[in-house]
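Q: Residues per chain are reported as follows:
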Amino acid sequence: MTREELRLLREIQALEFTVLEFALYLDTHLDDQAALEEYNDYAQQLREARMEYQDRYGPLHIMHPSDYPWEYPESPWPWQIEY
Amino acid sequence: MWRYEKILQYPVRVSRTDLSLAKLLSAQYGGPDSELSAGLRYLTQRYVIPTDEAKAILTDIGTEELAHWEIIGTLIYKLTEGVPVQRLRRAGLGADYAQHGRAIYPSDATGVPWTASYIQAHEDPIATLHENMAAEQKARATYENLIDLSNDAGVIDTLTFLRKREVVHFQRFGEALNIVRDYLDNEG
Ligand SMILES: [Fe+2]
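Respectively, the protein sequence lines represent chains A and B.
Once you know that position 32 of the first sequence is 31 in numbering that gives the first Met the number 0, the rest is easy, because the numbers rise by one and skip nothing.
Once you know that position 47 of the second sequence is 46 in numbering that gives the first Met the number 0, the rest is easy, because the numbers rise by one and skip nothing.
Just chain B, with the same shape it has in the complex (with noise of 0.2 Å):
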């Protein structure tokens, strides 16, 4: 089961709003490669993956991605907040405010909706952890994008933050295959 603490698991500070710049945080918030497709990709990937340490892997690097995604939601919250219409209009969220008003919604930085073919869930181990390695790598370039288009100090020191945490999964996946890898030989 799952607990929400009411606590975010890394600062987010922003100086100002900044429309367009929360336009493109979405492509985090419900892209191709946001923290929502890591995270459910790692937590339905955990039911039938060979070995104990693959199972707590990927339940915890699966959870600690929902974190993000609340940290990218702040973001873009903090990014919008209180903006009248009409500057949102001129910004380019027009489209974003008749639909969903200012409500945060899972979709990428073009508007695409999230959708589950985003990810896969295989029962094959080698094949899954796979997937997980490049999703992290996917993630880090996307993040190397955001900071490049990013100006304000709050929010590269928060996607800086989350960058590295994709480079620490990508090390504990690639752990976690060997560590597979070992198991499918000796008994698989």
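This is chain A alone, in the form it adopts within the complex (with noise of 0.2 Å):
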């Protein structure tokens, strides 16, 4: 795993991170207008940057269009990357 594909999965991994944490908030809390526009702005990076590594790396996961042959099982194992 090249550095520029370590530091896009370590972005992916701390917006991930922040969308959850404000999801979960938003379950308890469903009427918090400024966390849910807050949550919109990080779920939308976090889109932007999934689509980003997804094409220039491979899928995430199988819902993602792959290039021939079937891309999917190749990229690294999440127990497999040295971060």
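Check before you lean on any hint, since a few could be wrong.
Stated by the list, open to error - Derived SDA-like pairs (lysine to any residue); straight-line CA-CA distance at most 25 Å:
hint, chain 1, residue 1, chain 2, residue 2
1, B, K54, B, E69
2, B, K163, B, A133
3, B, K5, A, Q32
4, B, K5, A, L59
5, B, K5, A, W76
6, B, K137, B, Q98
7, B, K137, B, R45
8, B, K163, A, M50
9, B, K5, A, L29
10, B, K5, A, E81
11, B, K5, A, A33
12, B, K5, A, T17
13, B, K163, B, L23
14, B, K54, B, S116
Don't read these hints as lab results, they were simulated from the structure.
No experiment lies behind these values; they were computed from the predicted model shown.
Using the hints, put the two standalone chains together into the complex.
A: Rendered as structure tokens:
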């Protein structure tokens, strides 16, 4: 895994964590509009980072379109990555 | 439904293999207050809990616990990767090797296999949410013990992240409990 690929992967991790943390909060605070706006902002950033990563380095999950041959199994598995 | 994502929730770094630490971390892989117990407990409690907020929080925390289970599995994998059999035996992992080789198996730190009797599902939502709040505190305390037992900076960093998640989950279940109480007072 190249430094650039790892950098983008770490960015996705950070964004996924932020979005999850807002989502858990919103699950019990349905009408906190300020938190919802932040959630939407980070969710959009996450969507873009995931698109960029998957277009460049291959699918993170099986619902993403793949080049030939089927790319999903080939990228490093989470427990094999050296951070 | 669930969809797998090929990414850890939090990075896992270890400086060297450490067999006894790997064995201790089984507490959170297949022990009573493990991530496996947490995930299955919350995901199976969802069906009969009143209020949409409580259904959402059980679903989303339960799913996060499965991501934590993968983080613990990754820690154990990295701490034992490529270690020769005789070193495993000397470190007290001979019995594990005899039964599983180097495969990762959900048992606790003393080797007792995971069992569903660690968890409860009850129709009474007050009982359920109190169980979950207690479970989060027990998991937090287990992480504190594991941090005390660790001397690898990378492992400590990951365990510290996981410990903080238990604190947040406790908070969210407490809020869900208040929502369910209000619901029961008004419509129950
Ligand atoms: Fe938790």
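Q: Compare the structure with each hint and give your call.
A: Here is how each hint holds up against the structure:
1. For the given pair, K54/B sits about 23 Å from E69/B by alpha-carbon distance, which is consistent with the 25 Å threshold.
2. A hinted pair counts as satisfied when its Cα atoms are at most 25 Å apart, and K163/B with A133/B qualifies at roughly 15 Å.
3. Taking the CA atoms of K5/B and Q32/A, the gap is about 32 Å. The hint is violated against a cut of 25 Å.
4. Proximity of K5/B to L59/A is assessed by CA-CA distance (about 5 Å); at most 25 Å being required, the pair is judged to hold.
5. As the CA atoms of K5/B and W76/A are separated by approximately 6 Å, the hinted pair is consistent with the 25 Å bound.
6. Simply put, K137/B and Q98/B have alpha-carbon atoms about 29 Å apart, too far for the 25 Å limit, and the pair is violated.
7. Proximity of K137/B to R45/B is assessed by CA-CA distance (about 21 Å); at most 25 Å being required, the pair is judged to hold.
8. The straight-line distance between the Cα atoms of K163/B and M50/A is roughly 29 Å, outside the 25 Å bound, and the hint therefore fails.
9. Restraint check: the Cα-Cα separation between K5/B and L29/A comes to about 30 Å, which exceeds 25 Å; the hinted pair is violated.
10. This hinted pair checks out: K5/B and E81/A have alpha carbons roughly 14 Å apart, not beyond 25 Å.
11. Distance restraint check for K5/B and A33/A: the Cα-Cα separation of roughly 31 Å exceeds the 25 Å cut-off, and the hinted pair is therefore not satisfied.
12. Of the pairs offered as hints, the one joining K5/B and T17/A holds, with about 18 Å between alpha carbons and a cut-off of 25 Å not exceeded.
13. In summary, the hint linking K163/B to L23/B is supported, as the alpha carbons are separated by about 19 Å, within the 25 Å threshold.
14. For the given pair, K54/B sits about 23 Å from S116/B by alpha-carbon distance, which is consistent with the 25 Å threshold.
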